[in-house]
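So the protein lines, in turn, are chains B and P.
According to our numbering, the first sequence holds residues 1 to 261 in order.
According to our numbering, the second sequence holds residues 1 to 412 in order.
It cannot be assumed that every hint is accurate.
Claimed, not checked - Chain B side only, calculated, beta carbon under 10 Å to chain P, not exhaustive: (1) Tyr65; (2) Asn68; (3) Val117; (4) Asp118.
Derived by calculation from the structure, the hints in this document are not laboratory data.
Keep in mind it's a predicted model, so treat the numbers as computed, not measured.
Heads up, the beta-carbon is just placed ideally off N, CA and C, and yes, glycines get one too.
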Amino acid sequence: MITAGIDIGSITAKAAILEDGRILGAKVLFTGYNSRLAGQAVLDDLIAEIGITRDRIEVIVATGYGRNSVDFADKAITEITCHAAGAHFIDPSVRFIIDIGGQDSKVIRIDENGRVVDFAMNDKCAAGTGRFLEVMARALEVDLDGFGDMSLKGETPAKISSICTVFAESEVISLISKGETRENIIAGIHESVASRVSALAKRVGVTEPVMMTGGVAKNIGALRALEIKLETVIRVSPHAQVNGALGAAVLAGGIALTKYS
Amino acid sequence: MADQAIAKDPEKERRKIKSVSKMKEIMTTYYIEAKTARENGKKVAWITSGGPVEFLIAMDVIPVYPENHGAMIGASKMGVDLCEKAEEMGYSRDLCSYARTDIACSITNGGPIGGLPAPDFLVCCNNICGTVLKWYEVAARFYNVPLFILDTPFIHSTFSEASRKYVVQQTYEYIAFLEKQCGKKMDFERMTEVSRLAVQGLRLWQEVLDTAAHKPAPMTAFDAFFHLALIVTLRGTQTVVDYYSQLLAEMRQRIADGIAMVPNEKYRLLWDNLPVWYRTKWLSDKFSSHNACLVGDTYTSAWSGVMDLIDENNFIETGAVAYSSVYINVSLDIMFETLKKLIKKYDVDGLVMHSNRSCKPYSLGQYDLQQMVMRELKIPTLIIEADMVDERSFSESQIETRIDAFMETLKK
Ligand code: SF4
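Next up, chain P with everything else stripped away, as it sits in the complex (with noise of 0.2 Å):
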């Protein structure tokens, strides 16, 4: 009897990946190291996920990301009572959960980690929003440490030959900043080593996502949600080139092996928005109910999207080029050309648009992005309201009617 308690099913045991317990390793090793920085002699600075890291590495200096942490906090399902403590602090319910979650940790040291280690000094990259120049500002005030803005030129149309100078004029300051925080010069040996292992790792992780592109997918856009964490931490670092060529060998043996993650996958789904951190087994497994996979999503190809603009030899006068241009930084017409290339690479049949009450950078503009993908390319949206970690903005019954429902007029 006790054998048949614990007996697995087998099928389901096939499709999970098993590089799953490798990463999870990897980001405890990596938040026990920075939460130990200070006993090791090493500095923290936090930086925003859209910010040149890479700088940091070749610096030795510890990267940490508010962002991620807030995506670990969704995602254990703590969001809402750090929301609430924030905006008992005077915080809007409008400003960013991320930012409310972060800046609540800070003064509580809750969340899943205890909160993250104070930094020694801040990096601020405006390329994602105008929402972290504020919590940064807020957190610099708080912690008493000094902060280093990145400004990124919004692309309207072209980055113009003023706007480059601009953010390499930036770049050059940013490496003065960190050798006067750090005591020391800059490697630039060390430094084209780091830009060569990150150009190396965006590619793998974009081979990665590129594998669901298979029919079926080996992989979906939930597993890419968790995977992510590490182009975005530790990027520039052997340890994401490793980790993501393991991934990569796994995905390409599911596809020979024909394991599919969604099994009887049928329906082809592509992801609009951050994820809906406390709720990806839930949307997860009511896709799969209908067989239907979501192979791709807009945000974790944002980091690799930009790859081809980085000149891995001159790192310090493209990097910052190509970190101005992701994909929240750019015009509509700029995202819809790489959403209708993301259409047509992971061949779906559908869109799914998470309305983010949080992140207005991310979400103003679906509706005509919607009117456009339907217009243009034909294929059928669906928009959710949500938001990635305060869960008093999702009602289940109310998406779950919506997913039904989109399901039924695709199935047709």
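Pulled out of the complex, with its shape left as it was, chain B reads as follows (with noise of 0.2 Å):
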């Protein structure tokens, strides 16, 4: 059986097909303006790359913020749902999942059979999310992907006391013409977002082993920062950025069960 997850989130679009528990492929797209065409362009894509046809796909559920407009999903679940359903899949062991995206990061604690027990969302504001380092990067003039290996070698992280992405950027530019090293800058600037996350992690209680998705798990030093602040081992699903649409794929293979049960 055939099924798959679509994440429309604010920055990319994301698709998973999975065929009995096993990963058929994943896809990453920009939304762009129109979040119900990306859905349907990253799925194309997704099918066209796999090679199989449309009508194999049992079930589709959609998911992320744009969940809603993808009018040919069959269901949409949220994403908090979803993710620990793909968090799960990756590793059942995992009771805690840390999912920091472009535009929200989320905490999510789960029982042993992937559901949620309770969560905790930052949206309102860009401090402890993907755009922050972006911002960030941009100020420093880095790119994005060197990040979490310069900020390895800042020996001394320099403080960043405000929390405010705004004022957090200025207070960037003004230690770099104090003379700062761009890796003590860069290592403080992942401090920040990991006392941004993990003050939200601590709200909801952190239980072992806790597994990180969303695109910044792809950054060494923002993964380090947090194992710091949470005194545990973090492990990183290899399909951290994709976790969302593979969550929904496997949700969907619930759903296909039940209707032809």
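Can you join these two chains into the complex? Each is in its own frame, and there are hints to help.
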């Protein structure tokens, strides 16, 4: 049985296709202006890549902020439930998920069945999100991909005390003019993201093992800073960026089963 | 064809609360009387929602509530313009939106009823917050009228004898203040009658709220928000007693007829904090779409929650003590006790907390309360961030995701 999950975020649209518990493929595209079209496009591209026909997909679940605009999906489920299902699918021992995406960050506590026990989201403010890191990378004229490695070289992380992205940016600029090294500044930036996110995590209560998902999971600097803050080893999903879509495809499998039983 | 166009869904019609039209009529009459008070030789006093209004009623003064006015502004979605006006005047965006919108209305005569009638004097009781002190001082300066402040000490664990004496002493000062403003003596017999009616009104209101303990609930917290206005504004009058008697009868009849406010009530939730006035319909539809019913809340029961502390034959000595004990003038531990009782009474599956940017005394400590509820009662809770009047603090898609995710968690 083949199922698909589509995750429409504010910056990227993701799709994942599963066949009987096996990942056939996953894809990421920019969302752009029209989230319905983005959902369609990312699914079409993925289908073409895998080389299956559309009619073989039994059930489609949409998630993410644009979930309700994907009118060809069989069901819309929030990203909280989907991330939980995705992480549980990848590693059933995981009990806590930290997802840092482009526009928001969320923490989710799950039980042994991959069900949500509690969650918290930060989406009113860019601090502690991928967007925060993007703004800082621009201010430092560093490519975001190099951010993680550079920050590991920072021996004494600079103190970024402001929790507001705009103010933090000017703090960074003044650190640059004071001659602080880029490495230390970047390490400081990651510490600041980590303290934001760990406060959110502690509110919900961290239960181990912890898994990180979302685009920022690829950033080793942010990951290490979070591990230090939370005093735990954090696993990274090999499908971090498409975890929500993957979870949606997993849940689509459950829907398909009830449909035919 | 024309007939079809106006045909109404009979099920929906059946669910509507019939008393609502009477309630609207009472409120309209009340505001007309307040606005024409001067022509009719009556005095108008502005009073805070938690203030002892009974004394005003006994002195034949028309009480007017800036907070109720704020709620009307919110419900008519006029909050943002007025908040911005207040901010232009120099008031901080962090100031309570009731205060901001009301202050702006004093200047512009804007809002749904063209501003409140100017006060002859002001009565401020700080049992609800510290904001009202400054807000009423601003009003006192603006209208150049006297202000009476009733200071109710915060209750950490128990209400001390010294505190009791302190508020009782102030109650006598309050009476003296009113006698001076009205140029007549307090009629204590009339005061006893008003106290009796006030307590009766509170009891009836509580009974109305209690009907939602029935499964399925004949009314929701959203209905309670609407019907609350009377117990706040006209407490101590026969009107309130008559109206709530009618409403109670209707609720009981709904139970007998099996009429539920949420058609397929499956999940019962408790609401904490003030309503999001400009989004009550949206929120109500959102929860209904998940077959969830907000059966109770901490806000509308705040008034009747203290009625047992009142001795109607000795209102002067006991009323102020009761008012000092209202839900947001007490410690988190005491709040938690109240919350526990409500959760039990209404037998709810979850708690929805509105973290209200405006109302600090209500919202501060919600995260701790949430922890207490989850730990001790094992009940899932959701916190949504918004504001009761200022729509700029409401983000629909974010709140929708939180509610949907919360309901998915409950449905497992
Ligand atoms: S701060 Fe809260 S209690 Fe005080 S006036 Fe505003 S809403 Fe009412």
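Checked hints:
no.	hint	verdict
1	Tyr65	holds, 6 Å
2	Asn68	holds, 8 Å
3	Val117	holds, 8 Å
4	Asp118	holds, 7 Å
In this structure, none of the earlier numbered hints is contradicted; all agree with it.
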